[in-house]
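There are 2 protein chains.
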Amino acid sequence: MLTIGTLAKRTGTKVQTIRYYEQIGLMPEPGRTDGGQRRYGDAELDRLAFIRHSRQLGFPLDAIRELLDLSDAPDRPCHEADEIARRQLKLVEQRMERLKALRAELKRMVKECSGGNAAQCRVLEVLRDHSECLTEHDQIGV
Amino acid sequence: MLTIGTLAKRTGTKVQTIRYYEQIGLMPEPGRTDGGQRRYGDAELDRLAFIRHSRQLGFPLDAIRELLDLSDAPDRPCHEADEIARRQLKLVEQRMERLKALRAELKRMVKECSGGNAAQCRVLEVLRDHSECLTEHDQIGV
DNA sequence: GTTACATCCTCTAGCTACTGTAGGTTCAAG
DNA sequence: CTTGAACCTACAGTAGCTAGAGGATGTAAC
Numbered sequence: 036m037l038t039i040g041t042l043a044k045r046t047g048t049k050v051q052t053i054r055y056y057e058q059i060g061l062m063p064e065p066g067r068t069d070g071g072q073r074r075y076g077d078a079e080l081d082r083l084a085f086i087r088h089s090r091q092l093g094f095p096l097d098a099i100r101e102l103l104d105l106s107d108a109p110d111r112p113c114h115e116a117d118e119i120a121r122r123q124l125k126l127v128e129q130r131m132e133r134l135k136a137l138r139a140e141l142k143r144m145v146k147e148c149s150g151g152n153a154a155q156c157r158v159l160e161v162l163r164d165h166s167e168c169l170t171e172h173d174q175i176g177v
Numbered sequence: 036m037l038t039i040g041t042l043a044k045r046t047g048t049k050v051q052t053i054r055y056y057e058q059i060g061l062m063p064e065p066g067r068t069d070g071g072q073r074r075y076g077d078a079e080l081d082r083l084a085f086i087r088h089s090r091q092l093g094f095p096l097d098a099i100r101e102l103l104d105l106s107d108a109p110d111r112p113c114h115e116a117d118e119i120a121r122r123q124l125k126l127v128e129q130r131m132e133r134l135k136a137l138r139a140e141l142k143r144m145v146k147e148c149s150g151g152n153a154a155q156c157r158v159l160e161v162l163r164d165h166s167e168c169l170t171e172h173d174q175i176g177v
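From first to last, the protein sequence lines are chains Z and U.
Take 36 as the starting number for the first sequence in our numbering and just add one per residue.
Take 36 as the starting number for the second sequence in our numbering and just add one per residue.
To be clear, the hints were calculated from the coordinates, so they are not data collected in a lab.
Careful, some of the hints might be misleading.
Unchecked claim - Each computed BS3-like pair below joins lysine-lysine, with the alpha-carbon atoms no more than 30 Å apart:
#, chain 1, residue 1, chain 2, residue 2
1, Z, Lys49, U, Lys125
2, U, Lys49, Z, Lys44
3, Z, Lys142, U, Lys146
4, Z, Lys146, U, Lys146
5, Z, Lys142, U, Lys125
6, U, Lys125, Z, Lys125
7, U, Lys142, Z, Lys146
8, U, Lys142, Z, Lys135
9, U, Lys142, Z, Lys125
Unchecked claim - DEER-style ranges, computed between Cβ atoms:
#, chain 1, residue 1, chain 2, residue 2, range
10, Z, Lys125, U, Gly71, 33 to 39 Å
11, Z, Thr68, U, Glu132, 56 to 62 Å
12, U, Glu128, Z, Thr41, 33 to 39 Å
13, U, Glu132, Z, Tyr55, 26 to 32 Å
14, Z, Ala108, U, Ala139, 26 to 32 Å
15, U, Asp107, Z, Lys44, 23 to 29 Å
What the hints assert, rightly or not - Covered, in the sense of this in silico footprint (three residues per stretch, anywhere, with C-beta under 8 Å from a C-beta of chain U), are these stretches of chain Z:
#, stretch
16, 121-132
17, 149-156
Note that CB positions come from ideal geometry on N, CA and C, so glycine has one too.
Could you build the full structure based on these sequences and the hints that come with them?
Below, the structure is given as structure tokens:
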């Protein structure tokens with residue numbers, strides 16, 4: 036029987052985060068001691084590890100919920116999980132493209148800064164004048 | 036004299052976002068009509084464009100606040116702006132490294148999925164078993 | 001048996017950067 | 001003068017946690 040703190044340490048999660056996952060129904064309500072403290076078994080440890088690993092791969096909680104459902108139903112076809120993973124891969128690739136463009140513009144900005152005062156600052160100038168910008172920006176979330 | 040809607044259209048911002056920027060002190064309180072509607076001048080248009088462009092480059096609002104302060108004080112030395120931009124560049128590069136690792140793992144997951152049912156699904160298996168994971172994950176934010 | 005203290009509990013609020021909605025008012029054109 | 005788009009305030013909600021207050025519990029040492 037594991038305390039919430041042990042579970043937290045073993046999976047690299049904050050205690051509050053585990054309670055939060057319980058609250059939103061991602062983790063089950065565990066058994067309690069007479070005094071009301073949570074006690075977990077190995078199944079919960081595995082489940083939390085699954086969640087955390089998925090989070091580290093950037094899956095949103097909704098996707099993780101779907102993946103957990105699939106994982107709980109071993110006879111369901113696999114392509115759904117595959118599709119979720121592909122979707123995530125696509126997202127990651129999009130983000131990378133976007134970051135590449137940002138990096139280019141930031142590099143340009145920084146390189147051209149000659150170190151005078153704010154009036155001649157290239158960094159500020161580039162930010163001020165969008166027309167100098169080489170990259171397309173349609174979305175803001177990076 | 037520009038309405039808030041015009042300002043929004045010209046800078047690709049939502050009206051609510053502009054009001055939000057005003058609320059947090061990033062945009063100044065503009066003049067009003069007798070009926071209480073906001074009216075802007077070109078200075079505000081420029082300021083908002085500056086903010087938006089900075090946001091598109093991923094600068095957090097706090098950094099933008101600093102950049103705006105610098106921009107308002109043309110005789111202050113430029114290296115502060117340079118430093119903020121460098122910091123941002125570094126962040127972008129870190130995120131890219133991280134995404135690269137994620138992409139590798141996601142690709143591996145997806146490639147190995149043979150299309151059976153959930154019990155044999157490699158995607159789920161990889162997520163379940165962190166030890167198969169090649170990459171280091173210390174932070175979750177991508 | 002008691003004391004000390006780490007860990008646990010619930011509840012609430014806060015973070016970033018917005019976005020959406022409800023219910024009502026104003027502006028400009030026809 | 002009427003119509004309808006655009007404006008107003010105020011509040012709630014989004015993702016995914018994180019932090020703090022104020023108090024209860026569990027366990028090891030004495």
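Here is how each hint holds up against the structure:
1. Lys49(Z) - Lys125(U): The hint holds at about 27 Å.
2. Lys49(U) - Lys44(Z): Measuring from Cα to Cα gives roughly 43 Å; hence the hint is violated.
3. Lys142(Z) - Lys146(U): 35 Å, violated
4. Lys146(Z) - Lys146(U): 40 Å, violated
5. Lys142(Z) - Lys125(U): 10 Å, holds
6. Lys125(U) - Lys125(Z): Satisfied, since the Cα-Cα distance of roughly 24 Å is no more than 30 Å.
7. Lys142(U) - Lys146(Z): Roughly 35 Å between the alpha carbons, so the hint for Lys142(U) and Lys146(Z) is violated.
8. Lys142(U) - Lys135(Z): 19 Å, holds
9. Lys142(U) - Lys125(Z): 10 Å, holds
10. Lys125(Z) - Gly71(U): 33 to 39 Å: 46 Å, violated
11. Thr68(Z) - Glu132(U): 56 to 62 Å: 44 Å, violated
12. Glu128(U) - Thr41(Z): 33 to 39 Å: 37 Å, holds
13. Glu132(U) - Tyr55(Z): 26 to 32 Å: Holds, since Glu132(U) and Tyr55(Z) (Cβ atoms, about 28 Å apart) stay within the stated range.
14. Ala108(Z) - Ala139(U): 26 to 32 Å: Holds, since Ala108(Z) and Ala139(U) (Cβ atoms, about 29 Å apart) stay within the stated range.
15. Asp107(U) - Lys44(Z): 23 to 29 Å: Violated, at about 48 Å.
16. 121-132: holds (count 7)
17. 149-156: Answer holds; 8 residues pass the 8 Å Cβ test.
Hint check: violations occur at hints 2, 3, 4, 7, 10, 11 and 15; the rest are consistent with the structure.
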